[in-house]
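Asker: In case you want the letters, here they are:
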Amino acid sequence: MRELSLHILDIAQNSIAASASIIEIYIDENSIQDRLTIRIADNGRGIPQHQLAQVMDPFFTSRKTRGVGLGLALFAQAAKGAEGELLIDSNVGTGTTVTATFRYSHIDRAPLGDLAGTLLGVIMLNPEVEVVYQHTCLERTLCIDTREIKSELGSIAINHPAVMNWLEGFVREGIDDLYGGE
Amino acid sequence: MKSLEELRELRAELEKEISARNSEGKPKIIIGMGTCGIAAGARDILQAVTQELRKRNLDVITTQTGCIGMCEQEPLMDVQLPGQDRITYGKITAKDVERIVVEHLINGNVVAELAVARLEEGGV
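So the protein lines, in turn, are chains A and B. Following my numbering, the numbering of the first sequence begins with 1 at its first residue and continues without gaps. Following my numbering, the numbering of the second sequence begins with 1001 at its first residue and continues without gaps.
Honestly, the hints are just simulated from the structure, not real lab data. No experiment lies behind these values; they were computed from the predicted model shown. Among these hints, one or two may not hold up.
In silico lysine to aspartate or glutamate, DMTMM-like type, Cα no more than 20 Å apart, as pairs [to be verified]:
#1 Lys150/A to Glu1005/B
#2 Lys1055/B to Glu1015/B
#3 Lys1016/B to Asp114/A
#4 Lys1016/B to Asp176/A
#5 Lys150/A to Glu130/A
#6 Lys1002/B to Glu152/A
#7 Lys1002/B to Glu128/A
#8 Lys150/A to Glu1017/B
#9 Lys1055/B to Glu1120/B
#10 Lys1016/B to Asp145/A
#11 Lys150/A to Asp1085/B
#12 Lys150/A to Glu1006/B
#13 Lys1028/B to Asp114/A
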């Protein structure tokens, strides 16, 4: 994956496959401590203890049809390559939290990339799932919660094309503001 | 700045036109969102689909599937019109999306040169 935001999309797909109804995406860019933290937490079905040790193995998957599952292995590799690590905390019935850390300035640390595209993609395909996006850059924090947006929408679907158009502007402006913006 | 005020106005506007929308008999777009699909560019395809639906004001169910074992053909996008076979398009680009939307989704003609599989309606 060329961008960390693509890994986030991939891990969020795991949450969807685990029937999560809430997905929380946290990003903390701390250039002073030279640390980048990405956390994806869901309330899906969770990973049984006996499988937890195996999920980083590219030749392990819970899928029945084909015996490979590369997503977590690739994300772990991206973290390890930038003096970071990937941690998975999961409990059956309560959900899974995947945390990846990176040395922020590491030359091999992949760019975050199109975070807005990832967030909008998850919402577009899963209008019934609640998504929380919290992105911190030092003293600035952006917080987006689909429940707040839906409360303004009443019976209109959040993935209605016109709403997605508004949401795209809202998300992109919010992220731009984190990096200085206007 | 995009504001919630704008969103409220949009809601009022949409509520007027929305009455005709329901999920029966809608066309479907299905995007391959497994690790292989995402690595091959599925997110760009999804963005292109979102834009096309917006541009043409189409009422379509957009959904996802995981890896279906055709990783080498990703990014994959399926189109299924109500009561018709589900067509899988492979190795598509964001540019192909407009063509598939116009020719297949709107006009009902399968774009044969981009199609890689056909799933019969009522099958699997």
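Asker: Please go over all the hints and tell whether each is borne out by the structure.
Answerer: So, going through the hints one by one against the coordinates:
no.: 1; hint: Lys150/A to Glu1005/B; result: 13 Å, holds
no.: 2; hint: Lys1055/B to Glu1015/B; result: 19 Å, holds
no.: 3; hint: Lys1016/B to Asp114/A; result: 34 Å, violated
no.: 4; hint: Lys1016/B to Asp176/A; result: 33 Å, violated
no.: 5; hint: Lys150/A to Glu130/A; result: 9 Å, holds
no.: 6; hint: Lys1002/B to Glu152/A; result: 14 Å, holds
no.: 7; hint: Lys1002/B to Glu128/A; result: 23 Å, violated
no.: 8; hint: Lys150/A to Glu1017/B; result: 18 Å, holds
no.: 9; hint: Lys1055/B to Glu1120/B; result: 30 Å, violated
no.: 10; hint: Lys1016/B to Asp145/A; result: 26 Å, violated
no.: 11; hint: Lys150/A to Asp1085/B; result: 34 Å, violated
no.: 12; hint: Lys150/A to Glu1006/B; result: 14 Å, holds
no.: 13; hint: Lys1028/B to Asp114/A; result: 26 Å, violated
Going down the numbered hints, you'll see the structure goes against 3, 4, 7, 9, 10, 11 and 13, while the others check out.
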